[in-house]
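> Here are the chains, one letter per residue:
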Amino acid sequence: SAVISQKPSRDICQRGTSLTIQCQVDSQVTMMFWYRQQPGQSLTLIATANQGSEATYESGFVIDKFPISRPNLTFSTLTVSNMSPEDSSIYLCSVSGDTSNYGYTFGSGTRLTVV
Amino acid sequence: AQRVTQPEKLLSVFKGAPVELKCNYSYSGSPELFWYVQYSRQRLQLLLRHISRESIKGFTADLNKGETSFHLKKPFAQEEDSAMYYCALRGSNYKLTFGKGTLLTVNP
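These protein sequences, in sequence, are chains R and B. If you read the first sequence in this note's numbering, its first letter stands for residue 144, the second for the next number, and so on. If you read the second sequence in this note's numbering, its first letter stands for residue 1458, the second for the next number, and so on.
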């Protein structure tokens, strides 16, 4: 399975600022996803990162708040913009191979605290 | 819409006892079901997928379409099984929907 490097692993940010999280994969993957895991909660899908086109956002998430880039098949970034304390969460990158590979691999996550 | 329900937030058993973590789902098509595990201070990792019909670390899970369930079972729990377990469903759009998770504690 693919190996994911996600960084930063954690950060403490001031409200009103932005943080960009990077996800680097050691092989080309078809699908990349970004999840949020709020304290004590399960994982919620933010968006699907599409290579060469705009990301597909889930209900409740918008591009202005969570802009995503995916310039190629091995790399994606998620930006958390104009942060507030409610954005304090763990953000995870996930990848899947081609359609015959039903497994998904997750990054180690970015623990974000907004003060 | 796809939904995954894990009714137990916490589950505590003694070492050597059987364990069953419940998972029910709601999906109109043919789902793909997974169990993920997250050990303390480690990343989320795949434990089982129903399509493989495999046993990993002594755990098994059978998809019951009639009851829309995918319960995770192990006949003899070990202390190292203590972790957070998430049931997940993948629909035709390849997106994973997770349950809220069950924290399993295996006591010595």
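Hints were generated in silico from the structure; no laboratory data involved. Just so you know, even glycine gets a beta-carbon here, dropped at the ideal spot from N, CA and C. Don't take every hint at face value.
[Stated by the list, open to error] Restraint ranges, calculated between C-beta atoms of paired labels, are given here:
#: 1; chain 1: B; residue 1: 1499; chain 2: R; residue 2: 258; range: 23 to 29 Å
#: 2; chain 1: R; residue 1: 163; chain 2: B; residue 2: 1536; range: 24 to 30 Å
#: 3; chain 1: B; residue 1: 1472; chain 2: R; residue 2: 187; range: 44 to 50 Å
#: 4; chain 1: R; residue 1: 194; chain 2: B; residue 2: 1462; range: 30 to 36 Å
#: 5; chain 1: B; residue 1: 1509; chain 2: R; residue 2: 171; range: 19 to 25 Å
#: 6; chain 1: B; residue 1: 1486; chain 2: R; residue 2: 206; range: 26 to 32 Å
#: 7; chain 1: B; residue 1: 1533; chain 2: R; residue 2: 183; range: 27 to 33 Å
> Next step is simple, just say for each hint if it's right about the structure.
Going through the hints against the structure:
no., hint, result
1, B:1499 x R:258: 23 to 29 Å, "27 Å, holds"
2, R:163 x B:1536: 24 to 30 Å, "40 Å, violated"
3, B:1472 x R:187: 44 to 50 Å, "34 Å, violated"
4, R:194 x B:1462: 30 to 36 Å, "33 Å, holds"
5, B:1509 x R:171: 19 to 25 Å, "24 Å, holds"
6, B:1486 x R:206: 26 to 32 Å, "28 Å, holds"
7, B:1533 x R:183: 27 to 33 Å, "30 Å, holds"
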